[in-house]
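> Join these two chains into a complex; the hints should help.
So the protein sequences, as listed, match chains B and Z. Residues in the first sequence are numbered consecutively from 12, following this note's numbering. Residues in the second sequence are numbered consecutively from 631, following this note's numbering.
Note that these hints are calculated values from the structure, not bench results. Here a beta-carbon is modelled for each residue, glycine too, at the ideal position from N, C-alpha and C. There is no bait here: all hints are sound.
The following label-pair restraints were derived from C-beta to C-beta distances: (1) V735/Z / P189/B: 57 to 63 angstroms; (2) Q854/Z / L337/B: 39 to 45 angstroms; (3) G54/B / P668/Z: 35 to 41 angstroms.
Over 12 angstroms on every C-beta distance to chain Z, these chain B residues come out as not near it, computed from the model: (4) Y79; (5) R99; (6) Y246.
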Amino acid sequence: MTSLVRVLLSRLLTSFIVLIGVSMLIFFIARVIPGDPARIALGPNASPEQVLVLREALRLDESIIVQYGYFIADLARGDLGISLYTNRPVTTDIAQFLPATLELVFVAGLMMIFIGLPLGILAARYRGRWIDHTVRLISLLGVSAPSFVWAVILMMTFAFILPVFPIAGRISDSYTIPVASGFLFIDTLLAGNLRAFANAGWHIILPAFALALSGIGQAARLTRANMVETYDKPYIEMARSYGFPEKRIANRYAFRPSLIPSLTIIGLDFAAMLGNAFLVEAVFAWPGLSRYGVAVILRKDLNAIVGTVLIISAAFLIVNIIVDVLIAIINPRIRHSQRPK
Amino acid sequence: MRRTLAILVGNPLSLLGLFLVGIVIFSAVFADFIAPFPEHRGAVVDFANFNQPPAWPNIFGTDLVGRDLFSRILYAYRISLVLGVVVLSIATPIGVIVGLVAGYVGGKTEYVLMRITDVFLSIPPLVLAMAIMGVLEPTLTNGMLAVTSMWWPWYARLVYNLTRSEKEEGYVLAAEVIGASRAYIIFREILPNCVPAIITKMTLDFGFVIIIASSLSFLGLGVQPPTPDLGSMVAGGASYLPDSWWLTLFPALAILIAVFGFNLIGDALREILGADQ
Chain B
12 MTSLVRVLLS RLLTSFIVLI GVSMLIFFIA RVIPGDPARI ALGPNASPEQ VLVLREALRL
72 DESIIVQYGY FIADLARGDL GISLYTNRPV TTDIAQFLPA TLELVFVAGL MMIFIGLPLG
132 ILAARYRGRW IDHTVRLISL LGVSAPSFVW AVILMMTFAF ILPVFPIAGR ISDSYTIPVA
192 SGFLFIDTLL AGNLRAFANA GWHIILPAFA LALSGIGQAA RLTRANMVET YDKPYIEMAR
252 SYGFPEKRIA NRYAFRPSLI PSLTIIGLDF AAMLGNAFLV EAVFAWPGLS RYGVAVILRK
312 DLNAIVGTVL IISAAFLIVN IIVDVLIAII NPRIRHSQRP K
Chain Z
631 MRRTLAILVG NPLSLLGLFL VGIVIFSAVF ADFIAPFPEH RGAVVDFANF NQPPAWPNIF
691 GTDLVGRDLF SRILYAYRIS LVLGVVVLSI ATPIGVIVGL VAGYVGGKTE YVLMRITDVF
751 LSIPPLVLAM AIMGVLEPTL TNGMLAVTSM WWPWYARLVY NLTRSEKEEG YVLAAEVIGA
811 SRAYIIFREI LPNCVPAIIT KMTLDFGFVI IIASSLSFLG LGVQPPTPDL GSMVAGGASY
871 LPDSWWLTLF PALAILIAVF GFNLIGDALR EILGADQ
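One chain only, chain Z, in its complex shape (with noise of 0.2 angstroms):
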């Protein structure tokens, strides 16, 4: 673990990667501090201020109804983590059992759960979670159920693999000969061995996560206003290009630097770890 962190630090490009993610997560949680405008993450309206290119104290600009740019990408990026982190931490657990159970116990248990992840990974991953958020209200609960909907499939494959290479391995075949029960196999031997594996997808994941969330409320269908959101920000300012650019530039590099970042430290991790799948 100490090793790792210590590769991490030691590569320029995974340097750059947890500059950028610690970036990220720290304006995410104080944001209530570093944000010149707190308040205008709400419904603030500031008409005489509206449509400003950048300039102090607005130094991304201000947006149609005059609220600062810069601190609404703040409170986004705070909207955006929550969201990584409950839809991982739900979607996560699910895929690793059904993998898990999937890949060791077998017959047809093992051919039910992985028809059932098909059908999941057979519907365009945004398309799944559009329909999902169609029926349903546009809520950030709402978007979440949707996009762990759809996540938990990926993780149930990945895992899904990796135990059947596993299971044929000389330490499951001996904790079998001494009888030691299927819980305990799947849990206690053969998890383990998936951990690495897992936590780099999870890695790339967040910013994936990101990705999706923000394609949702670009489109409309996700956060809705006047919660500050990356994506209905780049949506709302793309009919006003070329002219107000800063409506759409800074939303956009935002999402761009944050997925980025998270890119970078996962592309290292699946190095380090040598879990390429």
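For reference, chain B alone in the conformation it holds in the complex (with noise of 0.2 angstroms):
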């Protein structure tokens, strides 16, 4: 256990340094933006001084170490300012936004593990067959377009012209749920409701499948190749002379040394996929993050901007030390070493 807990902890303090270093980077691009953020945020009909005291409230006449010192310091009280937007503190608004971004991307994430390995497992125990062709065309395709134009092309495909699922939108109008957490999933048990959970499962396939094809073409074909080098080790060779059927052999022995390298992809695609969450919100209607981003942003609304990005970075490095620290479970050289580093 020991060496888990220092890999979590060497984890940790990166990740640390790393969310620093993107405070730093996303509040220095929030400040060099050319023009005066006061008056733009406000409006060429805002008098001088009203631009003075909006000037005042976000410190703009300090130097920008200054103000990021303030920033810091609100940071760890848990302050992101105001949107200007909105009118209500940043984080009231992430708090609404971004459950539905979550479960959306956590969805897309299962489906990427769940049906992106058992695709590489079968393309590589049938490798050169067409089943291998397939997935490798599948999965060539699926990174070959942003998500928006599969979201697209399943929509109209899948609630258009075969009307199988909804269009848009998280759950029918006709439920009304209280809002405990903010996860649908979570808010219908609590409410005790199963037949607004399936509706609210029901809403969330198309986008969340749209949101998961370039990441399940990827895990396939990692999947693929890594086990396609393990075929070929003796211990494979011997597993088939003592006779083990085949569907063994690639689930247990193949599979497992390659299971490592593609956890670590689908780390990294989750950040891809908080980003393309945007996309995929879009055209669902989804009532994520996507629309609060896009707005701000098309506002000026620095402190909005700055607190939005901080968050989905957040998000993004605390999926990968999970990764990691599942990665360090499942691989025995880590558990079992006793050595320090």
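Pasting the structure below:
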């Protein structure tokens, strides 16, 4: 266990340093904005007095280092400032919109694991056969278009031409679910409303699949590539000569070692999905961070931009810490290592 | 080089890739001659002819102000390709130099350079580009700037890893022993060995630049109208589904075809050059 703790601590420390770096980078980007941010936020009709008040409130007259200092001090108290777009604390806004986005990305992540990895295993087991070629084609196609293209194509096919799935939204309007966590899957269960739970599940399938498609392809390809390499190892040959069934050889002996690189790529794809969620949400009118994010960007709402980017990056770093810990748990070389690094 | 090309032409999938990319480049370069309505790339309106389904002479139909979609897609390809060339020709050298220096010099330089790279890599690519576009005015130049700033770290990471393993090779030690300068070793000894991986990544990235740029304009943060752009064309048409399907379908397929082509070539190159990273 000690080595696990060590992995966790070192990852936490690096992530913390990186997150500080992210906050500096995004803060700097938001402050090099050409023109007066207060003037831009208030629009051309604001009086000079109003602009002065806002400049004061945003501490725009201090040096950028002092401004950053204030920002970090506020951040430590969990305060990301007031959004000029909604006139509410940025943290309140994000708390309202983030759960829908996380739910979408989480389901997409599950699809990536439970569709991508089995496809990769099948392709490796039947390499050179039609199933292998099909998986290769699917995975190449998957990464060949932005998620909004897949979203539009899936929506046209499975919501308009074949009306199997709902066109937009998170849940049918007929359900009113009291908001507890913001995560519909949790809230519907808390309300004890299983029909609403199923309805929410029905709504999430199409957008989550559009979001997951490129990741499914990547996970499948990587799994296949690693397994094909493993198939040449002597221990596989030994398992074969013992007469173990092919299925067991594939699922237990050849797949295991390729799980680690696959998990790594899944962690990285999570970052892409957090960004691409913006695109899918826009197509399916998903009430997540997307509409808020685009709205605050178009209005140059600095506090909200900085807050949104920071939260998304933090979510990404947390996922990657989880992935690293999972890898450490799975990998016997780390799990059983007694030596200090 | 010639052998690589022969293999590319010999494999049906990469041949398809070459064909698709060929079509895209041809349309972009000769848009002025191919497009039936070249003037429709700008702010033209023809309300008598708006929102028409595909029919001769508008083979892809017309958009909401009556412009020929086919002509606009050709010009959109031109902008996408220019953007790809500019972004990659700025981002690649920056990333490669950072990666080479961090990987070879090591020590504090390595720590600082790679942590900066990590910072850029830990903001989801699209989100970083969105934030940069947010504070700047949405123009083509700023779009290139935004995409470039998120692109170099991937090259830094790739070349850094390559350099670290090349550094231990005998030929680098030999060069060090005979007293070659650091710059000589980095650029004349290590760099040439990284080139296959860099070229492969650039081919694949050409497709990804098109994806990111069209994603930005899909969200309204990229190239602004009336400049034709595949992403904003899809966004504009999406609210008229399913009736005016051509508004969305053709630009969406145009993106798919271009990126798929580059991916097929890049994928084949990766196998030929053995540069799987």
